[in-house]
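Reconstruct the complex from the two isolated chains, following the hints.
For the protein sequence lines, the chains are A and B, in the order given.
For the first sequence, this note's numbering begins at 1 and goes up steadily by one.
For the second sequence, this note's numbering begins at 1 and goes up steadily by one.
Read the hints as simulated data drawn from the structure, not as lab findings.
Please note: incorrect hints may appear among the correct ones.
Said to hold, decoys possible - Calculated cross-link-like contacts (lysine-lysine; reagent style DSS-like; alpha-carbon spacing at most 25 Å):
| no. | chain 1 | residue 1 | chain 2 | residue 2 |
| --- | --- | --- | --- | --- |
| 1 | B | Lys48 | B | Lys115 |
| 2 | A | Lys238 | A | Lys224 |
| 3 | B | Lys199 | A | Lys87 |
| 4 | B | Lys361 | A | Lys15 |
Unchecked claim - Derived CB-CB ranges, DEER-like:
| no. | chain 1 | residue 1 | chain 2 | residue 2 | range |
| --- | --- | --- | --- | --- | --- |
| 5 | B | Ile30 | A | Ala40 | 50 to 58 Å |
| 6 | B | Ser215 | A | Arg174 | 38 to 46 Å |
| 7 | B | Gln216 | A | Asp124 | 29 to 37 Å |
| 8 | B | Val219 | A | Asp124 | 32 to 40 Å |
| 9 | B | Gly256 | A | Asn186 | 54 to 62 Å |
| 10 | A | Gln226 | B | Phe354 | 53 to 61 Å |
| 11 | A | Arg174 | B | Leu297 | 55 to 63 Å |
| 12 | B | Leu257 | A | Asp11 | 26 to 34 Å |
| 13 | B | Ser215 | A | Asn132 | 54 to 62 Å |
| 14 | B | Pro247 | A | Asn132 | 48 to 56 Å |
| 15 | B | Met289 | A | Asp228 | 56 to 64 Å |
| 16 | B | Leu35 | A | Ala40 | 50 to 58 Å |
| 17 | A | Ala229 | B | Phe354 | 54 to 62 Å |
Unchecked claim - Computed far set for chain B versus chain A, every beta-carbon distance over 10 Å:
| no. | residue |
| --- | --- |
| 18 | Ile146 |
| 19 | Gln155 |
| 20 | Pro211 |
Because the structure is a prediction, the values reported are computed rather than measured.
Glycine included, each C-beta is placed from N, C-alpha and C at the ideal position.
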Amino acid sequence: MNTDKSIWVKDLTKKFGDFTAVDAISFEVGKGEIFGFLGANGAGKTTAMKMLIGISKPTSGAAMVAGYDVFHQADLVKQNIGYMSQKFALYDDLTIKENARFFGGIYGLTNTEIKSKTQQLITDLGIQEVVNQNVGSLPLGWKQKLAFSVALLHEPKIVFLDEPTGGVDPITRRQFWEMIYKQAHNGTTIFVTTHYMDEAEYCDRVSIMVDGRIDALDTPAQLKKQFDAESMNEVFLKLARK
Amino acid sequence: MKRFIGFVKKEIYHILRDRRSLFILFGMPIVQILLFGFAITNEINNVKIGILDKSNDEISRQLIQKIDASPYFQIDQYLYDSNEFETTFKKGKIKAILVFEAQTAKELITKGSVKIQVLTDATEPNTANTILNYIQAIIQNFQSEINLQQTIPLQIVVESKMLYNPELKSVYLFVPGVMTIILMLVSAMMTSISIAKEKEIGTMEILLVSPLNPSQVIVGKVFPYILLSIFNAIVILLLGFFVFGMPMNGNLVLLGLESVLFILSALSLGILISTISQTQQTAMMISLMGLLLPVILLSGYIFPISSMPQPLQIMSNIVPAKWYIIILKGIMLKASGIALLWKETLILVIMTLFFLALSVKNYKIRLE
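Just chain B, same shape as in the assembly (with noise of 0.2 Å):
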């Protein structure tokens, strides 16, 4: 234990003595999650939309004028018939279509809820998530607001329709994408080229002989990054909770063992580079090319996978960030536990000991 802890403050030393690898571990989640979380809020100013309001009573009015107003909308086109929606949306200015389907004040009295339709151009997926977001907001404000003179609370149901991208289910990608990336870079990479360095400088030769065994070796040089690891979780959680106001339904106890799952794979991922790799900078091109291109691309975060072709389909399977995205959006969106989650825990588990496996067998063949 005492030889471990030395281990641990040794590499801990080496952390915060390198500058370059201080900015990746710590300054990286916090302008990756700012970047994207800004890029993508900032592109709803002032969308164009358009009307199709067949009842043209007082709520539809109401709610059209409170739209309008609104910072985010600008009406832009009233329709007049449903079949003009295709040519209106081809022309690719007006990104969202509200429709009022006939006598919605009347159905709302009487029956105490009614339904508006709205449908959107998810070609461009994010922007699309973040309208319906938007526009679901304003209709549920203006809810609450007239259920206020009320005494049987009425209901307006906002029913959603993605054109030409229906698969696309998710908002806030990008808190799991980068929370995902920051662990895959954290665990992987950084690990991968710690270990390559001991090998570069002589001093993995030198830990070989002494009385540590091969495992200590290399628990001890991974347990730090375990630790890093989970801090930027949690960092990068906060951020995208309490800056980007990303939901919290889950379980958070389900969620942090996952990610330790998660970040477990993710560094045996990283042991197995290292022992294919003698230096550092081939570490690190083997990180980036075969790690984290994939994350980004293969893993779902930026482009969906239902949208690629079947072969990059099959790929993406092969990636774990792509299972663990799956079980983020899940746990932070839909509450899901892990009665639902069980079979992409169990792909991730046995990624992680096949990782580990392979590791060994090449470390060991190494040594022979």
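Chain A on its own, in the form it takes in the complex (with noise of 0.2 Å):
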């Protein structure tokens, strides 16, 4: 087992009764890494991604995030990453403040450290002037940056962005991904989901689910050249259609 890897997977395998959701996927994700994990709806990722924070148990195979074993330590995993759902999910009748001490406060975090945090968080994302009015109120793409900073505050080791960038507009897209960038620059491991080809290209390297099965991975630059492609989505499209 490598534990310095930031996730570590072996044949990792999830079954529904007689089908197979997730067949004996295996990878590594190292510190700091902008790791891509893609595929078509029904592929298998949102599983195998449930499978790797801890709220469902694999039938079979191994998998290590953060240090800690996904089938015995799921608590331990839980505290140590920090995850973002494709709903930018915060509570809407709650403020910015409110939502960033109740997200602090169930990862544990003491009164002075959420404070901090949160002032931080204000001024990075420069919302001084809304900080008292409900998140509901707030366009898409400011709770979108909110809802990653929040699953940032308690500095998990990992983040699990799960399709982050539905329905934003591409300025803002672009926006997000810098912050992503910076975030990987300061050592956090970064696991991401997504449906566009573009965002692919973001990242270090790039994982693509068929039925269940990662039939690729590797960086974008040597995808596209193992598939004979111009972009990611040329790469997509040629494994989806094997």
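Okay, here's the thing in structure tokens:
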């Protein structure tokens, strides 16, 4: 077992009755790496990710996340990762500060920690004037950045982002990726699923899932070479049609 | 513990910031109880009654006069024979008949006690109950008046007979009924909606990925509603007691404990509903159709269970509200203790455990 990797997965499998949703996938993700987790709808991405974040028990195989075993140490895994869903889930009827307070609190941060981190977050995002507004009244792009910052509040070693850019405009997407880069540069591992193939190009390495298996895994440049393709989009289509 | 407090705080913000839920939580109990309360009491005005006076003496004449003088009753007809009862009631105008047996005054003075019979038309059970209550009150009043001049107290016993619906026993159906509905509404509907809301907006996922374990999440969500339900129960009891004179004969501690038990059973139903609904709307529909309707129709609150067809009577047994209403009435009206109510209590306990086990199982399946 390689523990200096952020994520280490070996033959991870999930079956629902006769149906194999995730079929013995194996991969590793290094510290500070931006790892793109791609696949068509129904390919098993979400199921695989749920096993890694400790809310679904694998049927067989092994996986270490942030140095902890997902089978037996799910609680420690949860404490050391951050997660942001495609819904940018925050409480609409709470203010920015209250949201930060609540989510910081459930990760066991102390009051002073929460205060200083919330202040930091507000300065970083430049949202001083709306601090006391309910989150529901903010534009989607702001909610997205806020959800990301809240997921990072407890300084997780790894952040899992489930389609983090759905529904926002290209400029906001670009800005969001800048936040991701900055975070990765600080040593946080980023595990991201996406539908946008141009975003796949921003990742250090990319895996593509087809029918529960990982059919390709490499840097975007290598993948394009391997599949003789112009873009990641073409790589993806070639794999899907195989 | 700190996490738990944070959770409860957040939940209270949700409740206070949503005007609709705020109204359901605080406005509804008061509106309902006043509505039901006054709708029932207002019916008693100039109710027409009949008299069969076989003794026609001092006591019976005085009492008849007193009843006629009250604003609640109006003597419409004097009967001369007991075989007239049937036809009189069937006409539907007269709601009650007072029967004085021969030599009422003599019996009262020689034996110290006499019986007066009150027959009521119980096709409208609530009205019948109220009529009987008022007549009883007037007779009691009369009794204490004549006793002022007596050394040995005299007793006039009211012998009541509910015609057409003899099983109906309790007065003040509505306080226990409204209490049951409100507790069901707050505990089951509001919790199932609030949990379903977390699923809908996606925060449930975030909570499950957090170090909180699922049971902490559920307890944190449910806890504020337990407090609210208890608060509501107290408001209803106070209104019932002070505004409508609901008797409070039994042990208040027992009443409180039984109410907490019912709240828990309703909460477990709410959790169960939330495990099968993905959106707030679904949760609300299931709660309304699956919980509120049975509570209103099958709990014996509005429609007496004994007058239902057999299949419905059997079905009513699986409605927790039925047992809670029996318990409430037992404690409030008959001062029953746990010795008499252990069966109903046990049923509620078993139901609560069953619903809880089922929701835990459902919840796990969803997580797998």
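Could you tell me which of the hints above the structure violates, numbers in ascending order?
-> 12, 13, 20
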